[in-house]
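**Q** Each chain, written out:
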Amino acid sequence: MASELPWDPKTRTLRRDLAEGMMNPACKQALELALGLGQKEGAQVTAITMGPPMAEEILREAIAMGAHRGLLITDPALAGSDTYATSFTLARAIEIFCPDFDLILTGCHTTDSETAQVGPQLAEELGIASAAYVDEVTVEGGTARLRRVSDGFLETLEIDLPCLVTVNTTNRSPRYVPLSGLEDAFGEVNILSVGVADLGIDPALVGADGSPTRIVDVTAPRSGKENVVLTGAPKKIVEELLERFESRISGLIRQDIRKSDAR
Amino acid sequence: MPAQRPEIWVFGDYRNYFQNRVTLQLLSRATDLAEKRGALVCATVFGWDTGEWVGEYIAHGARKVYLVEDRRLGRYSCDLYVGLMERLARRYRPEIILVGATSFGREFAPRVAKRLKTGLTADCVGLDIDENGLLVQTAPAFGGNLLTRIVTPQKRPQMATVRPGVFREIPHDHGATGEIVRIDFPEDMPPDRVRLVSSERTLPVPRHLGNAEIVVCGGRGMGSKGRFRNLYELARLLGGEVGATRPAVYARWADEDALVGQADKHIRPKVLFSFGISGAIQHTAGIVDAGFIIAVNKNPKAAMMKMADVAIVADAHQVCLALIKEFKKRLRA
Numbered sequence: 113m114a115s116e117l118p119w120d121p122k123t124r125t126l127r128r129d130l131a132e133g134m135m136n137p138a139c140k141q142a143l144e145l146a147l148g149l150g151q152k153e154g155a156q157v158t159a160i161t162m163g164p165p166m167a168e169e170i171l172r173e174a175i176a177m178g179a180h181r182g183l184l185i186t187d188p189a190l191a192g193s194d195t196y197a198t199s200f201t202l203a204r205a206i207e208i209f210c211p212d213f214d215l216i217l218t219g220c221h222t223t224d225s226e227t228a229q230v231g232p233q234l235a236e237e238l239g240i241a242s243a244a245y246v247d248e249v250t251v252e253g254g255t256a257r258l259r260r261v262s263d264g265f266l267e268t269l270e271i272d273l274p275c276l277v278t279v280n281t282t283n284r285s286p287r288y289v290p291l292s293g294l295e296d297a298f299g300e301v302n303i304l305s306v307g308v309a310d311l312g313i314d315p316a317l318v319g320a321d322g323s324p325t326r327i328v329d330v331t332a333p334r335s336g337k338e339n340v341v342l343t344g345a346p347k348k349i350v351e352e353l354l355e356r357f358e359s360r361i362s363g364l365i366r367q368d369i370r371k372s373d374a375r
Numbered sequence: 004m005p006a007q008r009p010e011i012w013v014f015g016d017y018r019n020y021f022q023n024r025v026t027l028q029l030l031s032r033a034t035d036l037a038e039k040r041g042a043l044v045c046a047t048v049f050g051w052d053t054g055e056w057v058g059e060y061i062a063h064g065a066r067k068v069y070l071v072e073d074r075r076l077g078r079y080s081c082d083l084y085v086g087l088m089e090r091l092a093r094r095y096r097p098e099i100i101l102v103g104a105t106s107f108g109r110e111f112a113p114r115v116a117k118r119l120k121t122g123l124t125a126d127c128v129g130l131d132i133d134e135n136g137l138l139v140q141t142a143p144a145f146g147g148n149l150l151t152r153i154v155t156p157q158k159r160p161q162m163a164t165v166r167p168g169v170f171r172e173i174p175h176d177h178g179a180t181g182e183i184v185r186i187d188f189p190e191d192m193p194p195d196r197v198r199l200v201s202s203e204r205t206l207p208v209p210r211h212l213g214n215a216e217i218v219v220c221g222g223r224g225m226g227s228k229g230r231f232r233n234l235y236e237l238a239r240l241l242g243g244e245v246g247a248t249r250p251a252v253y254a255r256w257a258d259e260d261a262l263v264g265q266a267d268k269h270i271r272p273k274v275l276f277s278f279g280i281s282g283a284i285q286h287t288a289g290i291v292d293a294g295f296i297i298a299v300n301k302n303p304k305a306a307m308m309k310m311a312d313v314a315i316v317a318d319a320h321q322v323c324l325a326l327i328k329e330f331k332k333r334l335r336a
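Chains as they are written, first to last, in this note's numbering: chain Y, 113 to 375; chain B, 4 to 336.
Accuracy of the hints is not assured; some may be wrong.
As the list claims (entries may be wrong) - Calculated cross-link-like contacts (lysine-lysine; reagent style DSBU-like; alpha-carbon spacing at most 30 Å): (1) B:K228 / Y:K347; (2) B:K331 / B:K301; (3) Y:K348 / B:K301; (4) Y:K348 / B:K273; (5) Y:K348 / Y:K371; (6) B:K273 / B:K301; (7) B:K120 / Y:K371; (8) B:K331 / B:K228; (9) B:K309 / B:K228; (10) Y:K347 / B:K301; (11) B:K328 / B:K304; (12) Y:K348 / B:K328; (13) Y:K371 / B:K328; (14) B:K332 / B:K273; (15) B:K228 / B:K301; (16) Y:K347 / B:K331; (17) B:K268 / B:K309; (18) Y:K347 / B:K332; (19) Y:K347 / B:K328; (20) B:K332 / Y:K371; (21) Y:K348 / B:K332; (22) B:K120 / B:K228; (23) Y:K348 / B:K228; (24) B:K268 / B:K304; (25) B:K39 / B:K120; (26) Y:K347 / B:K304; (27) B:K228 / B:K158; (28) B:K309 / Y:K348; (29) B:K331 / Y:K371; (30) B:K328 / B:K273; (31) Y:K348 / B:K331; (32) B:K268 / B:K301; (33) B:K301 / Y:K371; (34) Y:K347 / B:K309; (35) B:K273 / Y:K347; (36) Y:K348 / B:K304; (37) B:K228 / B:K268.
Claimed, not checked - Listed next, with one range per pair, are the computed distances between beta-carbon atoms: (38) B:G213 / Y:V261: 17 to 25 Å; (39) B:K304 / Y:E248: 50 to 58 Å; (40) B:D73 / Y:S362: 37 to 45 Å.
Since the hints were made in silico from the structure, they are not lab data.
Where is the CB? At the ideal position from N, CA and C, for every residue including glycine.
Chain B extracted, bound-state conformation (with noise of 0.2 Å):
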């Protein structure tokens, strides 16, 4: 019994914090796809004792959940997840299954493609619908060099699988109400074929520099180590870590460990404030892989400003006291 309306369906994947908010992010965009093509956002929720996860969809845009709770469920099951969405989705037949990219979607999202004989395209950074109605899925290739614009002309669903953090969830409403379709799990469902030994969490990975999301970089523009230690109460603000220059570093502002170079420490975070960096090319080759980047610099005309998405003109110090102000008002944590 194919629903009316088409359906949009978002893979309840709600394991961890990451996992759970991909989902979120997912019902988010859903739900603007939703409205181009006039259809109905749901979520699928496989598990036990699922009654939070339920409600938190809702709350995020789910306008349908259907749910098969059962004990068998309790524990995370790759085989038995892609055999239940495989009989809800010939059943129901969604036009579009979107799945979080975490490391059990990859892993259930190709299988449940597969059994449904449809397409399927990986770490979405884009989905729109275009003027045919079918689903536009952006995707990165060869590293990220290219972006291919991918469509499922025929066969449906539509898959896609997204990467955490693409896209930005929709403030809980605690008003949303949705419709819930309990389902009783199949007793003629094969066993699951796995058996899994043991699991346990695994201890966080520690932060460094080298793997931190935040990092506030300090150079001589800073002037004095006194002012050089306000980047670390910024950092600490952040959630994030300090770097520095060589030459902040032979002035003795910031520890051998805080080098950020060609030939010392690459970082990679997802945002970088530079304070007072004119950017020589043995320190931007160190942060070549930032992503979105804000340079404090006097000099409009520094190589930091011009690789920077932001460029503020103006004294560093006087920034990173304005910026300490404005965070500490702004963030209530």
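In isolation and in its complexed conformation, chain Y is listed as follows (with noise of 0.2 Å):
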């Protein structure tokens, strides 16, 4: 967690390179499902990401863990990026440089933000099919088979490929990271680094200036509680409860407690 507020209010915008430099939990998730699936259907991994070039450092620590290469989309340009302008970024480098792709696979949220929104919306770029929150996936002939507990329903799915899917926190087994894996990381990687330019992109289509969202100003909630202080014999100090924080008790416990008079 960022000590100080990541927050730039020249730019107006989260400085994710504040927070960053470890992989999002959900994402790491989402990889291991991924390498398990690579491997058991002979398929390539790709990881891929988006950020600051200390954003590399993600990608190494994904090959060491079994995946064949890693995308790097950075670009100054890219900064204050909302899920909108993120998608469309990602979308279009994948178009470029994973086009045969079958199975897309992303965390369902990230632990900064939590809006779970980048990966459906990147699946709307790419106009494929799409589900959320999935704890289990395998794929047999061109489609995966998906399951997931939403709502309070145990759901399994079914989905042609190519399409993309968001993975669940629940836990997978950390994978064992090999020795000759982290000497593979470390040494020449396979990691192509690309900016905007690259993918095509008009710049004036992502960053701040490509998102529809605005942020207007960022603040640390109160810390302090409001600590009210009763004093007085407890059958009035209860009723004083109970009337001044009536519709805040009754909306915590799920039960009216409106004095029947009062209706």
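Dock chain one against chain two, each of which comes alone in its own frame, and use the hints as you go.
**A** The following block contains the structure:
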């Protein structure tokens, strides 16, 4: 967790460079799943990230885990991209560098902003079907079979490839990284670094300019609680508590505590 | 044919209790926003045999319901619902679309936003209208350590998702009336690309202290085993669980299972009642994620009292009894 406010008031963007430096846990689960499927199906796994140049470390980690290659999308013009602009950029990169993809796996959300939007929006950009918050993926022939728990339903779904799946954070045991993998990752690695020009993207369509949403400001919520102090006879205090915090407590315990004569 | 009056749409997510609730909560907030904006509160309902929900949404604030009813919509389908919402929004041009942040809503809303080429803010904890008539969306970032205020200045509609429980629904009004706009299922709608092979309800997660939303915690200040037992009565009334500090467990007032603390159970209730607990760090480390805290202690300077939202300076046992009595009167479950 970043210790200072990762907010740049000049550019009105969150400074993700301060908060990054580790692979997002949900994305790690997605990679885990991809590597398992890759081994089983004899498929190539490409790890893709968009971020500041230091995000290359994450691709090295992915390669150490077993990914075949990495694609880093980095460009100052991308700073301040919201999920709309981010998914647009990722889609253009995938169209150029992975045109024959069968399956895209993403984490279901990131730990910094938790929007959970980039995966589904990337699927829309690419015009492919998708499913979110998936726990298990198997591939048979040209079809992905998925299992997920969604809003109290255990669902089994089928989608024809190519498709996109966002992967839940539920535990897949982390992969053992072999020494040879580490050597591979820190030697000459197959990581391609591309910018906006390489993707043929008009810079006006990405970054803060290309983002429909705009951050007005960022604040640290009041950490100190109000700390209301009540004194007096127990019966009086309890009445005061329930009157003053009636709606709050009703909401929290999901039961109406209004006095019957008040209705 | 865009509507003459700006419209605020709430996506009718009716599948089960919490989805239904979040829709009602959004209708309530939309009603406040509509007043500021001079707008009309509308709900969308996609499904089959949905009369119940249409009536429910009107009773909770919707003045207009856009209804697409067709056998093909009998099962929740993200693909079809996204396509329908896209078409409806293009035709009627709502100014705002609000969606509950259920698993379904979190997949549905981003895709709708993308198709409509507009912005979306996830998991808003606040929604307001500013002096320019823009929807100001307050959302947590970095695990809730920061709050960001976000607007969508140019693109329309402005879209936001909101978690269940953030807003309070307005009471059911049987007398409320609303217009129902029936729309035929478009025959040129592309087929669902996702095949639902099977769907079954999952068993509810068994309730225990670690995941309880309501916890009543007691410490040495309860005075005796007999008095401590009243905490179970209070917890039962509220539908909560009982936790205890180390001294209370050592005195055998409560089982080891109930022990809350740094090296023991960590609890994250939405509301915590704390009785006769001074607040040693070994205990408070286990309750850092508690929401609303009501603490009772004779000593106003106790650490537990300082970290409470409401600190009641009184005898824990007496307040416990008074609370039981008062809740018995007020709760009619």
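**Q** Hints first: check each against the structure and report whether it holds.
**A** Verification of the supplied hints:
Using a Cα cut-off of 30 Å, the hinted pair K228 of chain B and K347 of chain Y holds, with the two alpha carbons roughly 22 Å apart. For the proposed pair K331 of chain B and K301 of chain B, the alpha carbon gap of about 25 Å is at most 30 Å, so the pair holds. A hinted pair counts as satisfied when its Cα atoms are at most 30 Å apart, and K348 of chain Y with K301 of chain B qualifies at roughly 16 Å. Restraint check for K348 of chain Y and K273 of chain B: the C-alpha separation of about 25 Å stays at or below 30 Å, so the hint holds.
Using a Cα cut-off of 30 Å, the hinted pair K348 of chain Y and K371 of chain Y holds, with the two alpha carbons roughly 15 Å apart. Of the supplied pair hints, the one linking K273 of chain B and K301 of chain B holds, its CA atoms being roughly 24 Å apart against a limit of 30 Å. For the proposed pair K120 of chain B and K371 of chain Y, the alpha carbon gap of about 48 Å is over 30 Å, so the pair is violated. The hinted pair formed by K331 of chain B and K228 of chain B meets the criterion: a straight-line CA distance of about 22 Å does not exceed 30 Å.
Annotation: proposed proximity of K309 of chain B to K228 of chain B holds, straight-line Cα distance about 26 Å (limit 30 Å). With a C-alpha separation of about 15 Å, the suggested pair K347 of chain Y and K301 of chain B falls inside the 30 Å cut-off, and the hint holds. Distance check on the hinted pair: K328 of chain B and K304 of chain B sit about 28 Å apart at the alpha-carbon level, within 30 Å; holds. A C-alpha spacing of about 12 Å is found between K348 of chain Y and K328 of chain B, which places the hinted pair at or below 30 Å, so the restraint holds.
For the suggested pair K371 of chain Y and K328 of chain B, the alpha carbons sit about 13 Å apart, so the restraint of at most 30 Å is met. Between the alpha carbons of K332 of chain B and K273 of chain B the distance comes to roughly 23 Å, so the proposed pair stays at or under 30 Å and holds. In summary, the hint linking K228 of chain B to K301 of chain B is supported, as the alpha carbons are separated by about 19 Å, within the 30 Å threshold. With a C-alpha separation of about 14 Å, the suggested pair K347 of chain Y and K331 of chain B falls inside the 30 Å cut-off, and the hint holds.
As the CA atoms of K268 of chain B and K309 of chain B are separated by approximately 22 Å, the hinted pair is consistent with the 30 Å bound. Of the supplied pair hints, the one linking K347 of chain Y and K332 of chain B holds, its CA atoms being roughly 13 Å apart against a limit of 30 Å. For the proposed pair K347 of chain Y and K328 of chain B, the alpha carbon gap of about 9 Å is at most 30 Å, so the pair holds. The suggested pairing of K332 of chain B with K371 of chain Y holds, with an alpha-carbon distance near 8 Å, which does not exceed 30 Å.
Restraint check for K348 of chain Y and K332 of chain B: satisfied, since their Cα atoms lie roughly 15 Å apart, inside the 30 Å limit. A C-alpha spacing of about 63 Å is found between K120 of chain B and K228 of chain B, which places the hinted pair above 30 Å, so the restraint is violated. Taking the CA atoms of K348 of chain Y and K228 of chain B, the gap is near 26 Å; set against the 30 Å cutoff, the hint holds. Pair hint K268 of chain B plus K304 of chain B holds up; C-alpha atoms about 25 Å apart against a cutoff of 30 Å.
Proximity of K39 of chain B to K120 of chain B is assessed by CA-CA distance (about 26 Å); at most 30 Å being required, the pair is judged to hold. Among the hinted pairs, K347 of chain Y with K304 of chain B is consistent with the structure: their alpha-carbon atoms are about 22 Å apart, no more than 30 Å. With a C-alpha separation of about 63 Å, the suggested pairing of K228 of chain B with K158 of chain B is violated against the 30 Å cut-off. Using a Cα cut-off of 30 Å, the hinted pair K309 of chain B and K348 of chain Y holds, with the two alpha carbons roughly 22 Å apart.
With a C-alpha separation of about 11 Å, the suggested pair K331 of chain B and K371 of chain Y falls inside the 30 Å cut-off, and the hint holds. Simply put, K328 of chain B and K273 of chain B have alpha-carbon atoms about 22 Å apart, close enough for the 30 Å limit, and the pair holds. A C-alpha spacing of about 16 Å is found between K348 of chain Y and K331 of chain B, which places the hinted pair at or below 30 Å, so the restraint holds. Taken as a hint, the K268 of chain B and K301 of chain B pair is honoured in the structure, with Cα atoms around 26 Å apart against an allowance of 30 Å.
Straight-line distance between C-alpha atoms of K301 of chain B and K371 of chain Y comes to about 28 Å, which keeps the hinted pair within the 30 Å bound. A hinted pair counts as satisfied when its Cα atoms are at most 30 Å apart, and K347 of chain Y with K309 of chain B qualifies at roughly 22 Å. For the suggested pair K273 of chain B and K347 of chain Y, the alpha carbons sit about 24 Å apart, so the restraint of at most 30 Å is met. Restraint check: the Cα-Cα separation between K348 of chain Y and K304 of chain B comes to about 21 Å, which is no more than 30 Å; the hinted pair holds.
For the hint linking K228 of chain B to K268 of chain B, the alpha-carbon distance of about 21 Å falls within 30 Å, and the restraint holds. Between G213 of chain B and V261 of chain Y the C-beta distance comes to about 19 Å, which sits within the given range of 17 to 25 Å. The hinted window of 50 to 58 Å between K304 of chain B and E248 of chain Y holds, with their beta carbons roughly 53 Å apart. Range check, D73 of chain B to S362 of chain Y: Cβ separation about 38 Å, and the 37 to 45 Å hint holds.
The structure shown violates the earlier hints numbered 7, 22 and 27.
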